[in-house]
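Participant: Turn these sequences into a full structure, and let the hints steer you where they fit.
Protein chains in written order, with this note's numbering: chain A, 876 to 1343; chain B, 876 to 1343.
Heads up, a few of these hints could be off.
One copy or two, it doesn't matter: identical chains are merged, so the pair holds either way.
[What the hints assert, rightly or not] Derived DSS-like pairs: lysine-lysine, alpha-carbon spacing no greater than 30 Å straight-line:
(1) K1313 / K1026
(2) K909 / K1183
(3) K1112 / K944
(4) K903 / K1040
(5) K950 / K1245
(6) K950 / K1112
(7) K1245 / K1220
(8) K1001 / K1026
(9) K1313 / K1040
(10) K1183 / K1313
(11) K1209 / K1190
(12) K1313 / K1112
(13) K909 / K1028
(14) K1028 / K944
(15) K1040 / K944
(16) K1220 / K1313
(17) K909 / K1313
(18) K1209 / K1001
Keep in mind that the hints were calculated from the coordinates and are not lab data.
There are 2 protein chains.
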Amino acid sequence: MKKLLLIAILIYGTAMASDHQQSHYSPKLLSQVKQLRDYALNDMLAYELTESLTTEVGARLAGSEGDAKAVAWAKAKFNLLGFDRVTLEPVTFRRWVRGEETAEIISPYQQPLTITALGQSTPTPKEGITGQVIHFSTLEELKTANPEEIKGKITFISNRMERHKDGSGYGTAVAARSSAAQVTAAKGGIGTLIRSIGTDNNRTPHTGVMNHDDNISTVPAGALSNPDADLLVNILKRDQAVILRFTLGSDFDGEYTSYNVIGDMLGSEQPDEYIIIGGHLDSWDLGTGAIDDASGCAITMATAKLIKEHIGQPKRTIRVILWANEEYGLSGAKAYYEAHQGEMKQHILGGESDFGAGNIYAFGTRIDNKALPLINDILNLLKPLGIDYAGNQSFSGADLTPLREAGMAVFSLAQDGTEYFDYHHTANDTLDKIDPQKLAQNVAAWVVVTALVANTTENFGFNLQDSE
Amino acid sequence: MKKLLLIAILIYGTAMASDHQQSHYSPKLLSQVKQLRDYALNDMLAYELTESLTTEVGARLAGSEGDAKAVAWAKAKFNLLGFDRVTLEPVTFRRWVRGEETAEIISPYQQPLTITALGQSTPTPKEGITGQVIHFSTLEELKTANPEEIKGKITFISNRMERHKDGSGYGTAVAARSSAAQVTAAKGGIGTLIRSIGTDNNRTPHTGVMNHDDNISTVPAGALSNPDADLLVNILKRDQAVILRFTLGSDFDGEYTSYNVIGDMLGSEQPDEYIIIGGHLDSWDLGTGAIDDASGCAITMATAKLIKEHIGQPKRTIRVILWANEEYGLSGAKAYYEAHQGEMKQHILGGESDFGAGNIYAFGTRIDNKALPLINDILNLLKPLGIDYAGNQSFSGADLTPLREAGMAVFSLAQDGTEYFDYHHTANDTLDKIDPQKLAQNVAAWVVVTALVANTTENFGFNLQDSE
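Facilitator: Here it is as structure tokens:
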């Protein structure tokens, strides 16, 4: 059904464009955007920005020294790139820090294990937690288990994430990461381990946030690398009690104020109307945050810079937001909404790049149906990049959630995520995972959408609940 | 020229087989071997042995607790598999132990680095070595550099290993690992780092032995993972002094006695003549030593067991040697030769499996030219497995070096090593890297060679210097 609807929309769109021979954008603009799109395919600015952030700053866990360095980096880069206005908006959150991380099987076979704490995990005692491991294939199995089986034990969920181009294996698998600690605590367990939420076979465990609420009891929680999880499963198959010890030093540590770093290319006609683009500036601490999300910051910074340089001042303001603490709090997203909730109607359309640096293959929207004709020219210009329409049910990036929920229209440019979860949230998230050609294709696509939307004064719909 | 020679030999071989319609092996034996070859393609014994050694013992660095466990494991398995004679032959060597390992760039950008000590590296002081990094693209560059440039600095060699099916990129790249520390010391440097000798892009550095001689000065030496080496290169490109600190706790630590564990399937006619097969029992300590070299041990143990079980007692003794401390001393190889040098002429033919678990694609020999007709039937039976002849210049495995140099004829079954150096000597050398089907293809090939050679009383040549 969804597919049929999509086809219907596509046919409708094409009909609008070809039958009426009319466009919502000037021929000159369309020609300029086409030229810039093709120029962007060979431009290295986004790669240079990605290289710069990962090399000169590196890991930038929210609340760490790297966070402050990243903020300074972003401010300086926006200025260097000629943004008209650069703003630092404070974002305060509860800081979480990683500490020592060790794990080993004690019996029946001594084996060291590779482990990393889940984000927001509480610490173990210094000497670690030692206990028998009880194995569940899925979170559901753990949820339905008898508490008597779990009391005093370490739970272990071995669910394996599936590889898909659109990353859809993540949503299924990640529930274990989110909830294992609270479910384990509720049943009297003393700690929990999960198989990493990732598609690789490397000894590089995947961190990522877990649920934490001061009012809900929890246990220390870590992810084993996938080969380590395999090893543990194989030992558990031998039907002997498996005793394991792990130590996590991670803990909350006071409050910290970071910043959403905002670069505006001001509009000539409606400077107070915004097309919102960006990525998140923070990263997990294990790698240098190349695909998550230096690339997203770089793609969108380069997009605004190229438009200003090659097409000139847009009618509306192009606002690039480099979001603070996406990873364990969506803190920047929440703070921005609080600070700007009175201006929501000026937020015309928003998108975020936060799924690596693979080629973009689909453009999705969540706009008023009446505004759909506005995207025909966008689709025509995206087509030669290998990008098709993905329908009008887009949710865009996580950092846009508060704005989308407040009614802002959004779009997404879906990246090929086949390999994304090999490296996501691991020490392996480094610059070498990025193909400069693919990164440039991303910029070309972002240029098309951003330049057209910033150069029309038409609207894309607001408060979409009404139009659904 | 080599290729022409190879073709000539192949034509000669085929001519021998087809024109004369004669065989050096009985039709019954050939039929039995063919049947067993096909059976082995679906047999899981080698995989089960690999799983058992990596799961129940895991890492087994020579001189470690894992070494002793592996020796006990091997003795027990040989007995369980019905070997006629199981012998532990002592192998004494200078033990080397790994310690703490840390590295970080201090300026111009603070970045933690992933490092591992090279085997036989001496330790740094406890507080580490801090110094300016001086970059060389190759070992040759370092060798020709002015000592004034190097004095008081940390050298860094960034040569990148190439990926080839036959692993030939290793020989070119590994010289940096072997010699960097001694060359650096000779020129007054204080430490050395190399880009890992590996073809992957993982944050899992590759260890491996370096040259050590108490009479030649040296410096502490480590390998950076490949993404870390890339990062360092990118920082060095910025033309600012790069200051780095690294700490290695590795050191020599007394003497240790391990064992070559030898399983014999005794011959009925010439029990004192041996076909030597095997792998090395020790591994590096970072992974569980699955492809290096649990698989080699398992392939050859399974080969002897399947032959005895399905074809019966061989005419000559099939001797499976699980060699001690291959990785940082070839200690087992040397000890075996010393203990058996009076029996060299009874060592009819030898091979070692020590290149992972990829499909075998070539069979090579180093036998007397007069014995070449003996391999026609072997080649005919290997052909359906996708295995061609690789000529008569084989060097076989490292553990056979003393025996080969003493005159023993050798063979090799060359494995596809395209991915081998992604994992070799890293934490990533784990069971999941092994495809059970490919492992079974290995056993099928080893069965063909071993069963035929063990069931003829003809010779393959000795002291080949004369026949070259």
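Participant: Would you mind marking each hint as holding or not holding in the structure?
Facilitator: Hint-by-hint comparison with the structure:
1. K1313 / K1026: Intra 50 Å, inter 43 Å, cutoff 30 Å: neither.
2. K909 / K1183: within (15 Å within a copy, 73 Å between copies)
3. K1112 / K944: between (47 Å within a copy, 21 Å between copies)
4. K903 / K1040: Neither way: K903 and K1040 sit 36 Å apart in one copy and 54 Å across, limit 30 Å.
5. K950 / K1245: Answer is neither: 38 Å inside a copy and 78 Å across each miss the 30 Å cutoff.
6. K950 / K1112: This pair counts as between: shortest inter-copy Cα distance 24 Å, intra-copy 54 Å.
7. K1245 / K1220: Cα proximity of K1245 and K1220: one copy only (17 Å, versus 91 Å across).
8. K1001 / K1026: within (21 Å within a copy, 43 Å between copies)
9. K1313 / K1040: both (15 Å within a copy, 28 Å between copies)
10. K1183 / K1313: Result: close within a single copy only, 22 Å intra versus 56 Å inter.
11. K1209 / K1190: within (28 Å within a copy, 79 Å between copies)
12. K1313 / K1112: between (43 Å within a copy, 24 Å between copies)
13. K909 / K1028: Answer is neither: 61 Å inside a copy and 52 Å across each miss the 30 Å cutoff.
14. K1028 / K944: between (41 Å within a copy, 28 Å between copies)
15. K1040 / K944: neither (33 Å within a copy, 44 Å between copies)
16. K1220 / K1313: Neither, since 34 Å and 61 Å both go past 30 Å.
17. K909 / K1313: Within. Shortest intra-copy distance 18 Å satisfies the 30 Å Cα cut-off; inter-copy 51 Å does not.
18. K1209 / K1001: neither (35 Å within a copy, 46 Å between copies)
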